[in-house]
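What follows is each chain in one-letter form.
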Amino acid sequence: MVIPFRYSLRNLRARRLTTILTSGGMALVVFVFAAVQMLDTGLRQTLVATGQPDNILVTRRAAGTEISSAVDRVQAAIVEAQPEIATGPDARRILSKEAVVLITLPKRDSGVATNVTTRGIGPAGLALRPQVRIVEGRMFEFGTSQIIVGQSIARRFNGAGVGQQLRFGGREWTVVGVFAASGSAFDSEVWGDADQLMQAFRRQNYSSVVARLTEAGALDALAQRLDNDPRLTLDVKREREFYEEQSKLMSNFISYLGLTLSVIFSIGAMIGAMITMYAAVANRVGEIGTLRALGFRRAAVLWAFLFESIALGAVGGVVGVALASLMQFVQISTLNWQSFSELAFSFTLTPRIVISSFAFALVMGVIGGFLPAVRAARLNIIDAIRAI
Amino acid sequence: MHLIKLIFRNALRHKLRTGLTVVGLVVAILSFGLLQTVVDAWYAGAEGAAPNRLITRNAVSLMVPLPLHYRDKIRSVDGVKAVAAANWFAGVYQDPKNFFPQFAVGPAYFSIYPEYRIPDAQYRAFVRDRAGAIVGRKLAQTYGFRVGDVVPLKGTIFPGTWTFVVRGIYDGADAGTDTSQFFFHWDYLNETAKTRMPTLANKIGIFVVQIADADRAAEVSEEIDALFKNSPAETLTETEKAFQIGFVKQTEAILIAVRIVSFLVIFIILAVMANTMAMTARERRGEYATLKALGFGGGFLATLIFGESLLIAAIGAVIGVVFTFPVADWFASEMGTLFPVFEVSRETVVLQAACALAVGATAALFPARRAIRVRIVDGLRAIG
Chain A
2 MVIPFRYSLR
12 NLRARRLTTI
22 LTSGGMALVV
32 FVFAAVQMLD
42 TGLRQTLVAT
52 GQPDNILVTR
62 RAAGTEISSA
72 VDRVQAAIVE
82 AQPEIATGPD
92 ARRILSKEAV
102 VLITLPKRDS
112 GVATNVTTRG
122 IGPAGLALRP
132 QVRIVEGRMF
142 EFGTSQIIVG
152 QSIARRFNGA
162 GVGQQLRFGG
172 REWTVVGVFA
182 ASGSAFDSEV
192 WGDADQLMQA
202 FRRQNYSSVV
212 ARLTEAGALD
222 ALAQRLDNDP
232 RLTLDVKRER
242 EFYEEQSKLM
252 SNFISYLGLT
262 LSVIFSIGAM
272 IGAMITMYAA
282 VANRVGEIGT
292 LRALGFRRAA
302 VLWAFLFESI
312 ALGAVGGVVG
322 VALASLMQFV
332 QISTLNWQSF
342 SELAFSFTLT
352 PRIVISSFAF
362 ALVMGVIGGF
372 LPAVRAARLN
382 IIDAIRAI
Chain B
2 MHLIKLIFRN
12 ALRHKLRTGL
22 TVVGLVVAIL
32 SFGLLQTVVD
42 AWYAGAEGAA
52 PNRLITRNAV
62 SLMVPLPLHY
72 RDKIRSVDGV
82 KAVAAANWFA
92 GVYQDPKNFF
102 PQFAVGPAYF
112 SIYPEYRIPD
122 AQYRAFVRDR
132 AGAIVGRKLA
142 QTYGFRVGDV
152 VPLKGTIFPG
162 TWTFVVRGIY
172 DGADAGTDTS
182 QFFFHWDYLN
192 ETAKTRMPTL
202 ANKIGIFVVQ
212 IADADRAAEV
222 SEEIDALFKN
232 SPAETLTETE
242 KAFQIGFVKQ
252 TEAILIAVRI
262 VSFLVIFIIL
272 AVMANTMAMT
282 ARERRGEYAT
292 LKALGFGGGF
302 LATLIFGESL
312 LIAAIGAVIG
322 VVFTFPVADW
332 FASEMGTLFP
342 VFEVSRETVV
352 LQAACALAVG
362 ATAALFPARR
372 AIRVRIVDGL
382 RAIG
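Read top to bottom, the protein sequences are chains A and B. Take the first sequence: its letters are residues 2 to 389, numbered as in the working numbering. Take the second sequence: its letters are residues 2 to 385, numbered as in the working numbering.
Treat the hints as calculated values from the structure; they're not laboratory data. Keep in mind that the hints are not guaranteed to be accurate.
The calculated lysine-lysine pairs, modelled on DSS-like cross-linking and capped at a C-alpha distance of 30 Å, are [unchecked claim]:
(1) A:Lys238 x B:Lys155
(2) B:Lys82 x A:Lys249
(3) B:Lys82 x B:Lys204
(4) B:Lys98 x A:Lys249
(5) B:Lys242 x A:Lys108
(6) B:Lys74 x B:Lys195
(7) A:Lys108 x B:Lys230
(8) B:Lys98 x A:Lys238
Only a predicted model underlies this, so the values are computations on that prediction, with no experimental measurement involved.
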């Protein structure tokens with residue numbers, strides 16, 4: 002015979018304050034657990050969305066980031082001549098030789114000097130990134146000191162609106178457009194003509210070469226040929242892989258810190274559940290005795306109390322996930338340690354996170370309620386009935 | 002006296018419940034302390050900055066270098082005592098995970114940083130060896146470097162594999178000194194760069210400028226920047242502290258998140274503690290009524306409840322604070338060189354104690370109000 006669920010639920014309602022406090026503690030833990038995963042997911046999605054699957058990125062060997070890479074004009078021309086690089090309708094290679102420079106700009110609200118990635122692109126630069134489109138103003142003209150800025154930059158930095166001017170590299174650059182890059186890392190970049198930027202910064206070398214492959218499978222042959230070419234000291238990677246690696250350090254930091262904190266905090270919340278459930282058992286010894294005398298088995302009592310604790314966890318889980326889902330409206334911007342530049346990303350809620358957070362809450366309930374439920378189940382009938 | 006005895010007896014009445022609450026408090030206070038220390042560690046670089054040191058860098062960004070000949074121009078500025086070049090090397094030791102800062106530094110560097118204490122004999126050996134390196138104590142311990150060891154680093158900015166010989170190990174003047182760094186000769190870097198990658202030769206990342214009078218820092222900074230105004234490489238000079246804080250500011254979002262989370266744990270434990278006190282007070286309603294019937298006032302009951310709550314909070318706080326130190330030491334040794342300085346500060350301990358007491362006091366608020374308001378008749382009727 003099973004004790005109806007309503008018995009457990011009504012008990013929770015009977016002691017509202019205790020229920021609210023216990024579930025509230027759990028909700029906060031679930032909130033931290035979910036928020037950290039959302040942050041990690043947001044970061045990774047931003048960087049993964051930055052790379053296109055059939056694009057390749059060529060940097061100097063072992064450079065790791067575009068900032069510390071250098072590809073000279075001869076090397077870039079050799080890469081351009083490879084047969085695996087796709088050709089566009091204008092009979093030119095779909096390839097952009099890019100110059101990446103970090104510049105320091107003050108943030109609009111706080112005035113904090115922040116590193117911003119400035120990317121000089123070639124004529125095919127925009128075509129290589131279908132996720133980028135101009136949302137305000139127009140594309141810059143090659144051969145001029147015009148630039149376009151990502152929408153995160155336009156929002157957060159002084160002088161980055163259309164028609165305004167930014168000063169760096171000894172020149173005034175006119176912002177002629179704002180682009181949206183569907184949540185990728187390009188949203189936090191400034192784009193201009195590669196040759197103009199290189200002149201302004203007196204650079205001889207490009208930073209990287211981005212190109213479209215004729216087919217996604219052509220990478221291995223290309224990589225092997227470039228590796229064996231004694232004139233080149235270059236690394237070829239899929240653009241997507243390159244950006245995934247950029248997120249590794251930060252992503253690991255966030256997920257390790259988050260997991261450690263969630264586990265430690267959950268100890269606190271489980272202790273809270275345990276205290277509540279022990280008290281629930283202690284207050285209801287007579288009741289438990291009566292239930293047993295009516296013929297309910299030990300297992301039924303155990304389940305009734307365990308269910309009560311799981312219900313506490315469930316309430317905490319629902320509230321925690323609801324709180325965390327509000328975080329989706331928050332955007333975070335920070336320095337990415339690997340590329341050393343500003344990166345904006347948001348908390349991203351996925352069904353997996355919802356499920357894992359909720360499961361986490363239920364597990365807290367089970368662990369917190371198990372020992373008290375066992376105690377309830379093991380009470381002696383006679384003693385229990387007598388105890389009032 | 003009786004009051005204190007009563008409070009102790011009350012606290013120990015439900016040993017299991019009190020024990021669990023204390024454990025929860027210990028966990029919360031401990032993790033709060035660790036998180037605060039993590040935030041402090043972030044600012045450690047700025048804390049260790051000396052007021053008489055300025056950093057001159059390219060105004061565009063740190064990644065754009067300055068020409069070598071700026072060194073002599075900067076030295077000629079009135080009030081400048083010494084100038085040393087420093088280049089960020091960004092080499093990889095065995096695996097990219099093994100991160101530690103590496104700088105190629107000019108000859109005057111160690112005289113500008115007196116807090117890096119190097120034995121004289123080791124320093125002379127370093128000066129004599131072109132490929133010599135000086136490493137911090139913490140770094141040496143993490144990777145087992147000893148004097149005479151050969152350390153290969155794979156360059157990311159300066160390509161190729163570079164081998165250095167450890168010639169000296171420096172200690173910090175105090176616990177706040179960063180001893181996780183790796184220094185080698187700027188000349189060695191430059192000579193090699195000249196032959197292998199001429200575009201990177203004769204370029205300086207930052208100049209560290211020592212000034213005679215710390216009060217004139219702003220003035221000297223302006224004078225240095227004025228020297229290079231409208232040149233191809235304009236400079237930005239700021240105090241070492243401002244320079245370090247500039248780094249911290251850029252990762253501020255993460256710092257704020259860690260701060261928020263560290264206070265969340267206090268709220269979590271507040272919920273647990275308040276629950277404990279609420280349950281305790283509910284069970285004792287009959288007793289409170291009895292006490293009232295005997296002539297004890299509401300103030301007495303409130304003192305009882307506050308006393309018990311604060312007692313439990315204090316026990317949790319003391320154990321939590323005591324545990325913070327060994328756990329922080331363990332954490333620091335696990336993290337290796339990621340946090341060069343990881344010290345539990347006095348403010349952290351004070352904050353831990355304050356939070357614990359606040360939790361204790363807040364938790365007692367509702368139960369005490371209820372106990373004061375309870376009518377004797379209702380209270381006596383209650384069966385818990």
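Now for the hints, and whether the structure bears them out:
The straight-line distance between the Cα atoms of lysine 238 (chain A) and lysine 155 (chain B) is roughly 19 Å, inside the 30 Å bound, and the hint therefore holds. A hinted pair counts as satisfied when its Cα atoms are at most 30 Å apart, and lysine 82 (chain B) with lysine 249 (chain A) does not qualify at roughly 43 Å. Of the supplied pair hints, the one linking lysine 82 (chain B) and lysine 204 (chain B) holds, its CA atoms being roughly 22 Å apart against a limit of 30 Å. Distance check on the hinted pair: lysine 98 (chain B) and lysine 249 (chain A) sit about 10 Å apart at the alpha-carbon level, within 30 Å; holds.
Taken as a hint, the lysine 242 (chain B) and lysine 108 (chain A) pair is honoured in the structure, with Cα atoms around 20 Å apart against an allowance of 30 Å. Proximity of lysine 74 (chain B) to lysine 195 (chain B) is assessed by CA-CA distance (about 23 Å); at most 30 Å being required, the pair is judged to hold. With a CA separation close to 23 Å, the supplied pair lysine 108 (chain A) and lysine 230 (chain B) stays within the 30 Å bound. Distance check on the hinted pair: lysine 98 (chain B) and lysine 238 (chain A) sit about 20 Å apart at the alpha-carbon level, within 30 Å; holds.
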